[in-house]
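Engineer: If you want the building blocks of each chain, they are given just below.
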Amino acid sequence: MHNTLAIARRELTSYFHSPVAHVVLAVFLVVSGWLFFYFSGLLIVGKASMRGFFALCPLLFMLFVPAITMRLIAEERKSGTFEGLMTLPVAEHEVVLGKFLAALSMMCVGLLCTFVYPVSLALIKAPGSALDMGPIIGGYLSAVLLLSSFIAFGMWASALSKNQIIAFILGLLLCFALWIPDKAILILPASLGAAVQYLSVNYHFENIARGVIDVRDVLYYLTVTTIGLVLTTRTIAATRQ
Amino acid sequence: MSDAPASPPMIQIEGLTKHYGRTHALRGITFEVPKGQVVGFLGPNGAGKSTTMKILTGFVEATGGIVKVAGISVADDPVGARTRIGYLPENNPLYEDMMVEEYLEYIARIRRIPADKVRGAIDTAVARCGLQKVRGKDIGELSKGFRQRVGLAQAIVHDPDLLILDEPTTGLDPNQVVEIRNLIRELGKEKTVILSTHVLPEVQHMCGRALIISEGKIVADGAPDQLSSDGGHIDLVVTGKRGAPDLAATRALLKALPDVAEVHERTTGEKDALAFSLTTKGSADPRRALFAALVDAELVLLSLDKKALGLEETFRKLTTAEAGKAEHADHPHSKAA
Ligand SMILES: Nc1ncnc2c1ncn2[C@@H]1O[C@H](COP(=O)(O)OP(=O)(O)O)[C@@H](O)[C@H]1O
Ligand SMILES: [Mg+2]
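Heads up: the sequence lines are chains S and B, in that order. As numbered in our numbering, residues 1 to 241 make up the first sequence, in order. As numbered in our numbering, residues 1001 to 1337 make up the second sequence, in order.
Hints should not be assumed to be uniformly reliable.
Capping the alpha-carbon separation at 27 angstroms, the derived lysine-lysine pairs in DSS-like fashion look like this [stated by the list, open to error]: (1) 1271(B) <-> 1255(B); (2) 1255(B) <-> 1217(B); (3) 1144(B) <-> 162(S); (4) 78(S) <-> 1144(B); (5) 1255(B) <-> 78(S); (6) 1117(B) <-> 1035(B); (7) 1217(B) <-> 1035(B).
A few chain B positions that, by computed beta-carbon distances, are all more than 10 angstroms from chain S [what the hints assert, rightly or not]: (8) 1171; (9) 1175; (10) 1286.
Calculated directly from the structure, the hints in this document are not laboratory data. Note that the coordinates shown come from a computational prediction; the quantities given were computed from them, not determined experimentally. In this text, a Cβ means the ideal position worked out from N, Cα and C, and glycines have one as well.
Here chain B stands alone, though its shape is the one from the complex (with noise of 0.2 angstroms):
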C-alpha cells in the first residue's frame, strides 16, 4: 500500500459476495473498469445486477469482498465515494410532488456545488437530458421519457466521474428508448458508464465493453462483437445441376468439411433443391473450402447466408449453462434441508 497508482480504476470489484438471509445473490464477483470505459452489464433477471450496483452506490453492504470506486473504499468511505457516482436506480423512483427545477436544485445543494454554480449545473444538465420546455412541471405530470430523462440529469448535475445506470431504457416506448440510448451514449464519450440491462441490442448499441452475469457469477467480459462472433451459422440452399441433389451425399459431403460442426436439414420452397444449416466451429470460416466442395461434386450454390451467432445466442448458451451448474450445486443442499 505505497503510492496509489496515477490514477486508480473507476471500479474496482474483488470477491464480491452479497447474501440476503438464504439468498446467495453474489457469488463471488470479480471485475475492473478502467477510466473511460462504458460498460453493459448483462444477465438474465436475478442475475445480480441491481445488486451489484446497490453495493457500488453503497446501498447496500456487501457481504464479502472489496468495492472501491475511483479508489475509494465503500465500505470505509461511503460517502466520499459516493460523491463520485451519479445513480440512476431502477425503476427510477422520484418525488412525484416536486417540480422538475425544484428537484434538480436539492440535488445539486446536497451534491455540494456551489451557491453560484447550482443555476449552471441545473442548465447544462437540464440542456444536455432536453428538459428545456418541462422544467417547471411536476414530476408525477411526466411521460415515463421525461422522467428517466429526470432521472439522469439527476444522476450527472454534480459532473460525476461514474454513472451508474439500473436498466436506464426498460420500460420506455421504442421511441423513447432510442432517445435515451442516444443520451446514455453522448454521456459516454466523457464518463465512465456501467449500465446493466437484459435486453442485449443495448449492449451492441451503447457498450465497449459487455460483462455477462448469471446466478451470482460473472460468466463473460469481452467486447461485444468479440463475444458475438464465437461460432456461427451458415444457411445455404444447394441444388444439382441436373435435378435435386442426393440428401445423403450433400450432407455427408458438408459434414465432411474441416470447419464444420453440425449439419442440419430446413425446409426451402425452392424447386428441386436442398436447404442446410450448418454450425461452424468456434469462429472459423469455412466458406471457401465449402465453396470449392460444391463445385466439385457439381453441386449448384442457390444462397448462402453467414450468421455471427448473436450475442444473444451467446448469452443464452452462456446463462443457461451456469444456471444449469447453479442447480447442480445447489440441490444437494437444499434436499438436505
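Bound conformation, chain S alone (with noise of 0.2 angstroms):
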C-alpha cells in the first residue's frame, strides 16, 4: 500500500503539470455541462432531474477515459523514465495500482465538480417538484464504478502501445467493447441478446443510475476492474523479458 500511495501521489503530480489533461478535464465540464443542462429539463418545467445527464455519461467516459489514461504508461516507456521506475523495489501490481488510483482521483475531480448541477438543480427547480435524490446519488456511484472499469482497461491499452495516440484509441476501442453488447438486444434472439447484455458495462449503469444498488451490478464492475488491472500487470511484467 506504502508503494502503491507513493506511485499514486507522483502520478497526480504529473497529472498536476500536464497540460493535455487540464485541457481533457476543462473540455469534460463544458460538455456535460451543456448536456446537462439541455437533458436536465430545467427548460422543461417541472421535471427536473439528472437522468438524461447520466444516460449519457457511458459515451462521455468512453471519450475522456482513454485520454486522461493514454499517457500512464506509454509516456514512462517512450521517455525511458520505466527503467526507473521497474527498477525500483516495487511490485508490478503496485505500480498498476497506483497509477490506476492517480487517473481514478482524476476523474473523480471531473465529476465533482459537476457536484454544482444537482445543486443548482435543486436551488432553482420549479416551485412544487420534487429532486429524487435516490437517482442522483445512484448515478453518481455508478459513474465511479464506471469509470474504474473504463481507466483499468484505457491503461492496458497504455501498457501495450508506447505511442500515446495509439494508446488513446485502443482504450477508446475497449470502452466501447465493454459499452457494446448493451446494442446485442437489437439483433440477438431476446434470451441470447438479454445474457450477451449482462456483459455490458451500459446495463449495470443504468441499473444502478435508477437508484437501485444491487450487489451483482456493483459486483459486475469490481470483475471488470479488476479483470483490466490483471491484465494491465501482465503486459507489463511481460516487458521483462
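Dock chain one against chain two, each of which comes alone in its own frame, and use the hints as you go.
Structural biologist: Next comes the structure, spelled out in C-alpha cells:
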C-alpha cells in the first residue's frame, strides 16, 4: 500500500503539471455541463432530474477516460523513466494500482465539479416539483464504478503501446467493446441478447443509476476493473522479457 | 547450501545468457565483484553492457544463468535484490516535470526511508552531488551535468551497497565529465560500483578493475594497469658516429634483440638519422640490451621513448579479435537460414 500510494502521488503530480490533463478535464466539464442543462428538463418546467446527464455518461467517459489514461504507461516507456520505475523495489501490481488510483482521482475531481449541477437543480427547480435524490446518488456511484472499469482498460491500452495516440485509440476501442454488448438485444434473439447484454457496462450502469443498488451490479464492475488491472500487470511484467 | 559465507560477493554472475528474440545479447557471462570494488565494464556499443546491468537491476529477465546481488537471487527475489542497488540507467531518463526536491522525496519514500529520516537523506544526497542550488528547480530546466547529478543523487539517496552506473559520463562536456568522475570516485570509496563505458581513460581514472566485454562475452578481466602493460612500443631515433648509419644493418641489429617482436621504420626530421618503432614481446623490457647493442655498433641514440600498449590498444585488439571470431561462428548459421 505504501508503494502504491507513493506512485499514485507522483502520478498525480504529473497530472497536475500536464497541460493535456487540464484541457481534457476542462472540455469534460464544458461538454457535461452543456449536456446537463440541455437534458436536465430545466427548460421543461417541473421535470428536473439528472437522468439525461447520467444516461450519456458512458459515451462521455468512453472518450475522456482514454484521453486521461493514454499517458499512464506509454509516456514512461517512451521517455525511458519506465526503467527507473521498474528497477525500484516495487512489485508490478503496485505500479499498476498506483497509476490506477491517480487516474481515478483525476476523473473523480472532474466528477466532483459536476456536483454544481444537482445543487443548482435543487436551488432553481420549479416550486412544488420534487428532486429525487436516489437516482442522483445512484448515478454518481455508478459513474465512479464505470470510471474504474474504463480506467483499468484504458491503462491496459497504455501498457500495450509506447505511442500515446495509439494507446488512446486502443483505449477507446476497449471501452467501446465494454459498452456495445448492451446493443446486442437489438440484433440477437431475446434470451441470448439478454445474456450478452449482461456483459455490458451500460446495462449495469443503468441499473444503479436508477437508484437501485444491487450487489451484483457492483460486483460486475469490480470484476471488470480487476480484469483490466490484471491484464495491465501481466503486460507490464512481460516487458521484462 | 549450508551456512552462507559471512559476506557474499556483491555481484555474482554465472553463465548468464540473454536472448532478445534471435539476438544473442549475452553468450554466457561469469564474474564476481567483491564488496568495495570499483569495476569498469568496458566494451564497444552493442557488446552487452547495458543488458548485463538491466538484468542485475531486474529491468529485464535473464534467459539463463545465475545472477545474485549481495547473495540475493535476482530471479527469486527481485524486489529484495533491488533494495540493495542504486541504479543510473543509460541516458539517465528523469521526470522532466518534477522538481529536483520533489523527485528525490518520491524516491526516498519508495525506497522506504523512515519518514523522520527522509529530510536528512535528501540533504545528504543533495550535498554529495552538489545540487544545493537547483533543489527547487524543475528537472526539465537543468543542464546535462546537473541532470546527471540528479541521476546520481536518486541512486544514492537510500545509501545502497551497490551502485550500477550505465555510461555515467556519456554526452557530457569535458568539464562535466571531470566533475562526474570525481563524484563517482568519491562514491567508490565506500560503495561497490560497477560502471559501464566505452571510453577507456575513464576506467584508468576511476576503477580498480576492468572487465572487457565483447559480443556478449567477457574477453579480459584485470587491473587496468595490468591489462595495459602487456606488450608495448619503443620509439627510437639513432644516428651514426659519422654520417647516417646503414638502414639494413641497423634494422637487422634491432631485430636480433631478444625481446623485440617487430621492427618498423618511421620517418624523422633529424638529419642523418633513422627512426624505428619496436614492438616488444609481452611485458619484457629490451632497453638495456638495446642500449648495449647500439654502443657496440657505434651508433648514437638520439631519443628513446617507451610506451606501454595502452588499454586502448589492448581493448581494440581484444574486441576486434573477438568480433572476428564471432563472425566466423555465426556465418555458417546465418547463411544456412
Ligand atoms: N530490447 C532489446 N530488444 C532487442 N535487442 C536488444 C534489446 N536491447 C539490446 N538489444 C541488443 O542486444 C545487444 C547488446 O546491447 P546492449 O546491452 O545495449 O549493448 P551495450 O550497452 O554494450 O552497448 C545489441 O546487439 C542490441 O542490439
Ligand atoms: Mg549500453
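Engineer: Does the structure break any of the earlier hints, and which numbers would those be?
Structural biologist: Of the numbered hints, 2 and 5 do not hold.
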